[in-house]
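From first to last, the protein sequence lines stand for chains W and F. Mapping the first sequence onto numbering that gives the first Met the number 0, position 400 (from 1) lands on 399, and the numbers just tick up by one. Mapping the second sequence onto numbering that gives the first Met the number 0, position 107 (from 1) lands on 106, and the numbers just tick up by one.
Calculated directly from the structure, the hints in this document are not laboratory data. Don't take every hint at face value.
[As the list claims (entries may be wrong)] DSSO-like mimics (lysine-lysine), calculated; alpha carbons at most 27 Å apart, straight line:
| # | chain 1 | residue 1 | chain 2 | residue 2 |
| --- | --- | --- | --- | --- |
| 1 | F | Lys118 | W | Lys298 |
| 2 | W | Lys152 | W | Lys85 |
| 3 | W | Lys177 | F | Lys245 |
| 4 | F | Lys149 | W | Lys232 |
| 5 | W | Lys232 | W | Lys117 |
| 6 | W | Lys341 | F | Lys245 |
| 7 | W | Lys248 | W | Lys189 |
| 8 | F | Lys149 | W | Lys14 |
| 9 | F | Lys141 | F | Lys118 |
| 10 | F | Lys241 | W | Lys152 |
| 11 | W | Lys132 | W | Lys117 |
| 12 | W | Lys85 | F | Lys145 |
| 13 | F | Lys118 | W | Lys117 |
| 14 | F | Lys241 | F | Lys78 |
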Amino acid sequence: MFFRMVRGTFVRQWKKLLMIALTVALGASIATAMLNVMLDVGDKINEELKTYGSNITVIPQSEAVMNKLYDVENGETQDEFLNEDKLGELLTIFWANNITDFAPETDAQVLLDGNEVKVVGSWFAHHFEYEKKGTTYTRDTGLINLRSWWDIKDGQWMDESASDSDRYAMVGCQLADKNNISAGDSITLKGSRGEEVLTVSGIYESGDDEDEYIYTTLSAAQRLTGTQGLLKKIEVSAITSPEDELAVKAARDPSLLSGDEYDLWYCTAYVSSICFQIQEAIPEASATAVRQIADSEGKILEKTELLMTLITVLSLIGAALGISNLVTSGVMERSIELTLLKAVGAKNGQVTFLVLTEVMATAVVGTAVGYLMGYVFAQIIGETVFNSAIEMNGMAAFIVAVLILFVTLLGSIPAIRLLLRLKPSEVLHGGH
Amino acid sequence: MNKKTLMFFRMVAASFIRRRSRMLIALFAVIIGATILSGLVMIYYDVPRQMSTQFRSYGANLILTPSEEESISSEELEKSISLIPENELEGYTPYRYENSKIHNMPVTFAGIDFESVTKTSPYWHISGEMPQNDGEALVGAKVAEKLGLKTGESVSAENSFEITPDTDISLIPEYEIFEDPETGEKHCDHSLDISITGILETGGSEEEYIYVTYKDVEYLSLTKRGYDIVEVSAAAMQDTLKSYTKRISDDVEGVSARLVKRVTASESTVLDKLQSLVFIVTAVVLVLTMICVATTMTAVITERRKEIGLRKSLGAYNSDIIVEFMCEGLFLGGAGGILGSVLGYVFAQLVSMNVFSTSITFRPLLIPITIAASVLVTGLACLIPIRSAVDVDPALVLKGE
Chain W
0 MFFRMVRGTF VRQWKKLLMI ALTVALGASI ATAMLNVMLD VGDKINEELK TYGSNITVIP
60 QSEAVMNKLY DVENGETQDE FLNEDKLGEL LTIFWANNIT DFAPETDAQV LLDGNEVKVV
120 GSWFAHHFEY EKKGTTYTRD TGLINLRSWW DIKDGQWMDE SASDSDRYAM VGCQLADKNN
180 ISAGDSITLK GSRGEEVLTV SGIYESGDDE DEYIYTTLSA AQRLTGTQGL LKKIEVSAIT
240 SPEDELAVKA ARDPSLLSGD EYDLWYCTAY VSSICFQIQE AIPEASATAV RQIADSEGKI
300 LEKTELLMTL ITVLSLIGAA LGISNLVTSG VMERSIELTL LKAVGAKNGQ VTFLVLTEVM
360 ATAVVGTAVG YLMGYVFAQI IGETVFNSAI EMNGMAAFIV AVLILFVTLL GSIPAIRLLL
420 RLKPSEVLHG GH
Chain F
0 MNKKTLMFFR MVAASFIRRR SRMLIALFAV IIGATILSGL VMIYYDVPRQ MSTQFRSYGA
60 NLILTPSEEE SISSEELEKS ISLIPENELE GYTPYRYENS KIHNMPVTFA GIDFESVTKT
120 SPYWHISGEM PQNDGEALVG AKVAEKLGLK TGESVSAENS FEITPDTDIS LIPEYEIFED
180 PETGEKHCDH SLDISITGIL ETGGSEEEYI YVTYKDVEYL SLTKRGYDIV EVSAAAMQDT
240 LKSYTKRISD DVEGVSARLV KRVTASESTV LDKLQSLVFI VTAVVLVLTM ICVATTMTAV
300 ITERRKEIGL RKSLGAYNSD IIVEFMCEGL FLGGAGGILG SVLGYVFAQL VSMNVFSTSI
360 TFRPLLIPIT IAASVLVTGL ACLIPIRSAV DVDPALVLKG E
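Next up, chain F with everything else stripped away, as it sits in the complex:
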């Protein structure tokens, strides 16, 4: 290392040590800028993913219906669900509907999985408890009002029907089956006793059904068959969902998939707005912060006109001064950028934990971008005042004019 380089480093180091307070002020400004840059950009990129999960409270956004046959079998269901990426799948609930009678009034029973329905219909309001076992039922508010049913009561659903080859008679005792002496047709009467654990309120058509387990509807109808409809809730945007529906409809025979337009179309409208809101807010705040950083740097450099004048009078070249000052500036930019990207990540994580209760996706690429942006902004901010400073006449500056 020759003497000149050594001197250069000593000067840079000295300016940091002796002018500690000013340098700290400048560094501080850069850190604030870099923190806001990395924090906001990280949030901007994560908002659609996080919000998309929130939008799942609207419930299912994709439904599967049987296309040709009467119902969707378990194999078809499994195959269809496997076409949706696991990390996007929030949940799915197959429904199987059967008609029956309570107090001689026709009611429709729906067989569901009570655990998965909380994922696909999170908006269900239940007064009472969600059923856990076979023999327990959740009654829609409209049915409950119509039939005068209350939580804690037990009722029995009666079914009487003709026995066909599809009927699974192994489910019932033989004495329930009787033969019509005239026609020779076999009939059966049987009932399912259910205890009501809760009343369902949604304000929608869901209130018109009684919900029981699959096993109970199977017993009620005495037939083993698949599902009538499957509700799927997937955290994906409309276009992605559309590709899933196409893939499912094409690849799985017997299943046709449709989008729930009301949910998907509205979701993409609102999400677009939200994302552009965060985008433009980020842009405005960033531009203003960058100008702030630049003005601080300008102030710090302008202050040193005397020093520049003194150097020039001792024989320093303009280029030497520019290089030295730029090096200081770039060092500040780099250091501020590194600290800022760490602080920005901490901030973004804080926001994500507080708002969405999930951690933010770490984007490694943001670190070099933040550092590069800070170096660039500080560099530019130093360049302008240095250029005007080196142009001055040393005599005038040192004299104090």
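Bound-form chain W, shown alone:
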């Protein structure tokens, strides 16, 4: 009989229930979309912030020590290098997946038409492969990502896939102005160990010291100084978590942390733990955070996440109130029917159970539909803003389900209680 009554409501009063289901679906879709966007916004903004360039630099550790140990004349220091073969070790660390870009660098002072200029050798758009213990690590990376702010004034980015890419260079705009260099020109660079004739593929504007530099491939720069297979620096761009108390504590000295704290720190993508892991992987290297980038990233991420959280909370409150509102009005509408049930002898508990079952069944359908709608909305937001899909979080689905259950109950129970207090005779007579 109970099921017949419930079914009867669904068949006969489908319009009213549809309205409740629709509101629940709308509310659920807002909640789903906002929660998923909120939970993913950190990663997305972090990727956007990568346009600021690398946040970690890796340099040879012994540089400073060597200078102290061996008193070098006139302050001219003996250069220290990292081994190019070790580069791939970067991709074997715990947080390797968070390393979005990296580029090795070597630099040299060379003569260009008799004037001393700085040449930097690096990767432009490089396909990197590294094999270790049967696993192949690959990454497509280079300056094209790490210098996204470069404005190409003339010519184009260097094409590193071309077979003769070694014969090209890019020149900073101020240096190009001074020496009247334009794209397509040939320049002769005289280094300490060799001479290279390079074709200028493009002139860039960077707005800082780099406007005075020449950038070329790693091997061309290494040949100029006779340092084949050696690097002076690695720029690393990694997605990191904002710093907190633990990170600050660890930054002082990781060995001061307790066992649990150490594990937590090591397994969190703090800039300090990534630096630490890089040093573990390449023992002769010293990895330091570029404070300008690392600090600012943390701040902006924190603010964005907080902003999105508050907007999400507002939307959730709005959705929740909207749903419970309509459920209340939906239940109150049925005063005559419910009091009639009471008049023919139904107990309060039975009536409550009947109404709740109907409302809950409707809410479940509404939530399912709403979740799908929310998924679509989240993807629309992701595609329009970040050109990438928003990852759907299992936690969001759980929160939405609990939220809807809660607000539906919250919306129906007071209404049911109110109706149960009414006297059947009065209601059925027609007076409110």
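Place chain F on chain W using the hints.
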């Protein structure tokens, strides 16, 4: 006031008083919608301004360099800075570099203002203290490592150079000056004692300098001159900054202004993304909320089919019913809009205080827009069910079918 109008108002008023709970539900829905509308839109408009201030933690986004002469004088600096609106200017720090030696190793000293540098380089990590007075120095981590300098130590920087007409010999005692007997050139040897109050860590090239006050570099070099470079941090977007650089380069002789591309280009990319994120989120939430308001209104009106039927059977015209119901709807929309815009402002202010610790810009125009939008949405939401309700046959409705 004739009887008909009086009756009309009595009916509207009565429907609010007698159907209090239903009306409250409808009003509540409108308030939620209006709150979300005014709150989110207010945040949307304020986000670029607020975020732009946050992005200043990346430091200077504009630099001034001398264009022809060797340095930028105080007058030129003042004139350049005055071209940037005061409310956008976060701070500026002039730098003056001088070479010297410590323990016979060459080091570069930079004269700065320690107070303003916290504005233009907020990312500086200092272990120890920021110097306050003359004679105190902040040492870059790389220099400190190279020379083995530590916080709390005192070192002296030695300078020996030829005295030229530019040299300000009034700064030093006469006994430090000596004449080369062969060439007749005047030389001087003098040193500056500094105590190290802190070590600077940035992970960048800033670690290669020793920072002291302007007075100390002046003493070190014995020359009075202007600044080599000025770092400016302004909370403005790339295009606005570009116009400032042009104005400064054109109007102030001897100064050329450049954008720090790394900061400005990246900032506009990220800010654009952020703003479009808030925009599309606002749009999606608004549309969904409006539909929610509309469904609630529809439910409230549909419920009253019996009343409509009764009125019609008593001889009311369709148009009378439509007007009365619309008036109720519009009243709800207006009241909800007013309350909602107040609550929305409170919400936006709450968000702004919590996230950015500054108050939100109040936009008076948003109040009429919110009210108009609520009235419009409620009006539209009422119209559809009323139209279908007035079409019914009173006999059928009253019979309960």
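Taking the hints in turn, this is what the structure says about them:
1. With a C-alpha separation of about 15 Å, the suggested pairing of Lys118 (chain F) with Lys298 (chain W) holds against the 27 Å cut-off.
2. Only pairs whose Cα atoms come within 27 Å are accepted, and Lys152 (chain W) paired with Lys85 (chain W) is rejected, the gap being roughly 35 Å.
3. Proposed proximity of Lys177 (chain W) and Lys245 (chain F) is supported: the alpha carbons are some 21 Å apart, at most 27 Å.
4. Restraint check for Lys149 (chain F) and Lys232 (chain W): the C-alpha separation of about 26 Å stays at or below 27 Å, so the hint holds.
5. Of the supplied pair hints, the one linking Lys232 (chain W) and Lys117 (chain W) holds, its CA atoms being roughly 15 Å apart against a limit of 27 Å.
6. Pair hint Lys341 (chain W) plus Lys245 (chain F) does not hold up; C-alpha atoms about 82 Å apart against a cutoff of 27 Å.
7. Proposed proximity of Lys248 (chain W) and Lys189 (chain W) is contradicted: the alpha carbons are some 48 Å apart, above 27 Å.
8. Restraint check: the Cα-Cα separation between Lys149 (chain F) and Lys14 (chain W) comes to about 79 Å, which exceeds 27 Å; the hinted pair is violated.
9. Under the criterion of a C-alpha separation no larger than 27 Å, the hint pairing Lys141 (chain F) with Lys118 (chain F) is consistent with the structure, at around 23 Å.
10. Of the pairs offered as hints, the one joining Lys241 (chain F) and Lys152 (chain W) holds, with about 16 Å between alpha carbons and a cut-off of 27 Å not exceeded.
11. At most 27 Å may separate the alpha-carbon atoms for a hinted pair to count; Lys132 (chain W) and Lys117 (chain W) exceed this at roughly 39 Å.
12. For the proposed pair Lys85 (chain W) and Lys145 (chain F), the alpha carbon gap of about 26 Å is at most 27 Å, so the pair holds.
13. Distance hint between Lys118 (chain F) and Lys117 (chain W) is unfulfilled; the C-alpha atoms sit about 31 Å from each other, more than 27 Å.
14. For the suggested pair Lys241 (chain F) and Lys78 (chain F), the alpha carbons sit about 17 Å apart, so the restraint of at most 27 Å is met.
In summary, the numbered hints that this structure violates are 2, 6, 7, 8, 11, 13.
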